[in-house]
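In this text, residue positions in the sequence shown follow our numbering: the first is 663, and each later residue adds one.
By construction, these hints were calculated from the structure, which means they are not laboratory data.
Just so you know, even glycine gets a beta-carbon here, dropped at the ideal spot from N, CA and C.
Take every hint as true, because none was put in to throw you off.
Taking lysine-lysine and the DSBU-like style, the derived pairs with C-alpha atoms no more than 30 Å apart in a straight line are:
no.	residue 1	residue 2
1	710	720
2	720	679
3	679	710
4	712	679
5	710	721
6	721	679
Using C-beta positions, here's what the derived DEER-type ranges look like:
no.	residue 1	residue 2	range
7	690	715	14 to 22 Å
8	669	692	25 to 33 Å
9	672	702	17 to 25 Å
10	747	685	25 to 33 Å
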Amino acid sequence: MEKQKYLPNIHPGEILKEEFMDPLNMDLYEASRRSGIPAGTLADIIYKRKPITCAIAKKLSRAFGVSPAFWIGLQADFDEEETRRQQAAETGCKDPFSNQTRSQRDRFKQR
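Between the sequences and the hints, there should be enough to build the whole structure, so can you do that?
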């Protein structure tokens, strides 16, 4: 069976770095100072070693002017895609939700 090819799943830490910190020429230590998040924790998020939690989302929200829901949503989307890919790899199925109708998937995603 041919291995499924995917676009890279983008971790929220990558978005934090490339879309928020880099345009402001903000290094890790400045982001840490502004957000109140320890530099080590931010580094772990940027390098995909840690997820964005609710507490971190609130701090990022204050530091960068976007809602906590934005950060939580990015993390949830990342986690969902990782789960989908893992299930596809385990089952050999291209789409783990392929046995559901489109309306069932849409209702599931709205939760």
